[in-house]
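With these hints in hand, go ahead and build the complete structure from the sequences.
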Amino acid sequence: MPAETEVPAATEAPTVEATTETSASATRSIETRYGTVEVPATPARLVTLDEGALDTAVALGIIPVGGISSRLTDGVAPYIAAKVPGIAIVGNPGEINFEAVIAANPDLILTHNRIDEETFKKLSAIAPTIVPTNGIGAWKDAAGEYAAALGKTSELEAWLKEFDVKVADAKTKLAIKAGTTGAVIRWMPQGPLVMGRLLPAVVLIEELGLTLPQVSIDLGTDAPHTDVLSLEQLATVDTDWLFVATFNAEGDTALAGARNQAAFSQLKAEKAKQVIAVNAQLWSSAFGPLAADAILSDIVANVPAAQ
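Reminder that position 287 of the sequence shown reads as 294 in the numbering used here, one-by-one numbering, no gaps.
These are computed hints drawn from the structure, not numbers from a lab.
Misleading hints may appear alongside valid ones.
Said to hold, decoys possible - Below, a list of computed lysine-lysine pairs in the DSSO-like style, where the Cα atoms sit at most 27 Å apart:
{"id": "1", "residue 1": "K90", "residue 2": "K168"}
{"id": "2", "residue 1": "K90", "residue 2": "K173"}
{"id": "3", "residue 1": "K184", "residue 2": "K280"}
{"id": "4", "residue 1": "K275", "residue 2": "K178"}
{"id": "5", "residue 1": "K168", "residue 2": "K178"}
{"id": "6", "residue 1": "K128", "residue 2": "K90"}
{"id": "7", "residue 1": "K180", "residue 2": "K129"}
{"id": "8", "residue 1": "K278", "residue 2": "K180"}
To be verified - Simulated restraints on C-beta separations:
{"id": "9", "residue 1": "S272", "residue 2": "E106", "range": "47 to 53 Å"}
{"id": "10", "residue 1": "A185", "residue 2": "I109", "range": "50 to 56 Å"}
{"id": "11", "residue 1": "T34", "residue 2": "G101", "range": "30 to 36 Å"}
Just so you know, even glycine gets a beta-carbon here, dropped at the ideal spot from N, CA and C.
Have a look at this one:
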């Protein structure tokens, strides 16, 4: 895994105009979805209301005092939990606990792009709040906006450069044959969802040489996944490799039942024993540099290298 950048909180020298300010009062101007926001030059008490914001901050050496829980859990996602043992939970992906945010006493709040203006104003009354300008987009773009708000742009660039080398090395090692197909699906109790390029996992399997099914490509940047498919629609993901994520026991049970059906047993990946079970919180929900790195490790561990 690329080493987390160990740097002092201050990453920029004060400008000439800022030389009369104390380090505690110095600020930087950040463009957001709702206009320009002045943020502390050296934030000391960060609250993240997005899993990608938490991931990015930790990757850049900043440990937030508060964050949201991951899907279907009471805490943060397992892949990152050990790095933030004392973090206060201030909401979940669908709801913000404003009292908990206030109790965390933040000096900077990072959110996702879907925060509406009324919520932005409520959060801004607590601390400077960054709502990214980009919509649902590639994880690297989102990480870039969070890094800018934290004054860590150069550190993120260094991290990504090292990560890109790891991806290139993995691609060389795996030497996936041209035309080999692969897909990522999340199996819910109601059935499967096909994941699209908004997810780091899907981007990575494509970068490593797997060709995505058209159903993933067609999602574009409009949505992270399809609606639930019927078993009869599984033919749309009849790929050589199939990475299947489940969140809970109900999803596991539904998947186990589906694998006994003819529609599943006829899939190329099932016949070739190339259906790989993966963690749904990481593969279909997590977003950010550390998530991408953990997913890359999963792929390398499960897809055999060329002999």
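Hints, one by one, checked against the model:
Distance hint between K90 and K168 is fulfilled; the C-alpha atoms sit about 22 Å from each other, no more than 27 Å. With a C-alpha separation of about 22 Å, the suggested pairing of K90 with K173 holds against the 27 Å cut-off. For the hint linking K184 to K280, the alpha-carbon distance of about 17 Å falls within 27 Å, and the restraint holds. With a CA separation close to 22 Å, the supplied pair K275 and K178 stays within the 27 Å bound.
A C-alpha spacing of about 16 Å is found between K168 and K178, which places the hinted pair at or below 27 Å, so the restraint holds. Between K128 and K90 the CA atoms are separated by roughly 30 Å; this puts the pair beyond 27 Å, and the hint is violated. For the given pair, K180 sits about 50 Å from K129 by alpha-carbon distance, which is inconsistent with the 27 Å threshold. A C-alpha spacing of about 25 Å is found between K278 and K180, which places the hinted pair at or below 27 Å, so the restraint holds.
A beta carbon spacing of about 51 Å between S272 and E106 agrees with the range 47 to 53 Å that was offered as a hint. Checked against the hint of 50 to 56 Å, the C-beta distance between A185 and I109 comes to roughly 55 Å, which is consistent with it. Distance hint check: the CB atoms of T34 and G101 are about 31 Å apart, consistent with the given range 30 to 36 Å.
Violation of the numbered hints given earlier is confined to hints 6 and 7; the remaining hints are satisfied by the structure.
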